[in-house]
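Colleague: Chain X: place on chain C using the hints.
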Amino acid sequence: MATEYIHPIRNVRYLRPQREWKEIIAIYLYLAGMGAGSYVIGTLLNWFVHPTRVLSIWGLPLDFAKAAILWGPILVAIGAPFLIIDLGIKRRFLYACLNPRTSWVARGFLILSIFIVFGLILLAKSVLPFEWLHAESTFWTIAEVITIAFAFATALYTGILLKATKSIPLWNTYLLPLLFLVSALSTGSMAIILSTLGTGLLSNDSGALKLLMRGEQIFVVIEGIVLYLFLFKRYRAAEQGKDSVRLLLSGEMKLIFWGGIVLLGFVFPMILEGIASFSHGNVTLIFTAGLLLLCGGFFLRLGVLHAGIKDQLPMLRLMEIQYDNMAERWKPLSDNRREATGNTK
Amino acid sequence: MEDQQKVLVVDHEKCTGCRLCELVCSVHHTGSSNPSRARIKVVKWEHVGIYLPMICNHCEKAYCVEVCPTKACHREPDNNNRVVIDKNLCIGCRTCIVACPFGHPFFDVQERVTVKCDFCDGDPKCVTFCDPKAVTYVDADMIQVAKKREAANKFIDSTKQIR
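The listed protein sequences correspond, in order, to chains C and X.
Position 336 of the first sequence, counted from 1, bears residue number 336 in our numbering, the numbering being contiguous throughout.
Position 144 of the second sequence, counted from 1, bears residue number 144 in our numbering, the numbering being contiguous throughout.
Note that these hints are calculated values from the structure, not bench results.
There may be inaccurate statements among the hints.
Partner residues aside, some chain X positions facing chain C, computed with beta carbon under 7 Å [unchecked claim]:
no. : residue
1   : Ile50
2   : Pro77
3   : Gly92
4   : Ile97
5   : Cys120
6   : Asp121
Note that CB positions come from ideal geometry on N, CA and C, so glycine has one too.
In isolation and in its complexed conformation, chain C is listed as follows (with noise of 0.2 Å):
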């Protein structure tokens, strides 16, 4: 088979993709990603299904339901110093919010920010048992609101982060947010599902249980849709990102693509997931699906992150252009001399 013919110029940074935000940045865009949508289907589970199961803690009534399906924003909070301790001077974190009319650093700084507290506030008021705190008003509802609005923000933006770099052809697509959104909403909707299944909140047949399933499921048909249509129109987009997709596919990540994405993300949940309905809602089955789910959803952010190779720059384009003329010019002489030694090589 022929090999693939490398420009002995280009060689130098051939597949060669972007090191300076690595697993610590998959991790925060996986736990704010993963943290945000299960905030936005709990809340919604949270309105249109109102589960309820009081437990007492040292004489204290304290309502487990609201906690499982509400816990996005502790994803979160504990997402958000994975940024921090991948900063360089670590104390001036606070200083990462100085430039919000132009930077979408600090525009995620304010959003995780808002989103966290916000969050926190309402999962301790549906959590504790105070019954001031539970008083239906306009002021709660505006609150859960703004919560699902930054909950959406949130997931968003972990794609925009990326995007807003420009100069990664992989990462410079509306396609990448929606992508991290849907992935998100996946994740998140699996990771209510493991905590209402371990704590015993919705039992393994119930309505609830199967209509989340059914979501989770849609989400990630829809998902891997994205990512096939994301591949596909970085492939084209520009060289680099033909590069960055072959990576992926073919090149030294193959193995977190094939493996983490397509495999531990989507095939094996979708199988666990099929065997468990035919089973009666086996939970061992959907624990395992989960679990791997979870884990795709890490990969996806790990591989689109490792695989993100910079536009070439304009000096380096010009070198190869001045190689080619320089080689094609020597060409003969190179020629002559392969048949005077005899080397048909």
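Modeller: Quick look at chain X alone, frame taken from chain C:
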């Protein structure tokens, strides 16, 4: 009269790949002779003999300024319209490095902040110490003049050969 804006210009055909510019840059900015902390990088293709000093272009529409969350990376219109990073504001998030299409700002592992070329406050050391004059510091309006002069000289040489 207002000062003419000056820029760094690279002629890669003159560069010998000695990397003295990286050395003097690091000595001037950090006090250590450590090229990995320099604000200029020479990209080398040894097997084909091409060397390309990579410098900051202080772009008109600078992505690094746009994406910086702290305004540490900012433009100084009164100081040669240069783009600089305020070390006291930088948090080391490296967003500017990811955003720059020219791969310019560099992360200083010792200071834990991002650093970039600041024209050495009007006296670029890479220019002073570059013997082949591969890096020059010229008025922005004069960039094309040198190239035109070179082209004219080549034209004169070729006409002489024809004669």
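Colleague: Please verify that hint: Pro77 of chain X, Cβ, nearest Cβ of chain C, below 7 Å or not.
Modeller: violated, 17 Å
Colleague: Taking 7 Å as the limit, does the beta-carbon of Gly92 of chain X come near enough to a beta-carbon in chain C?
Modeller: Holds, because the Cβ-Cβ distance from Gly92 of chain X to chain C comes to roughly 2 Å (cut-off 7 Å).
Colleague: Double-check Asp121 of chain X for me: the hint is only fine if its C-beta lies closer than 7 Å to a C-beta in chain C.
Modeller: violated, 24 Å
Colleague: Can Ile97 of chain X be said to touch chain C, with a Cβ gap under 7 Å?
Modeller: At 5 Å from the nearest chain C Cβ, Ile97 of chain X passes the 7 Å test, so the hint holds.
Colleague: Less than 7 Å between beta-carbons is the criterion; does Cys120 of chain X satisfy it with respect to chain C?
Modeller: Result: violated, 22 Å to nearest chain C Cβ.
Colleague: Under the criterion of a CB-CB separation shorter than 7 Å, is Ile50 of chain X in contact with chain C as hinted?
Modeller: holds, 6 Å
In this structure, the hints that do not hold are numbers 2, 5 and 6, in rising order.
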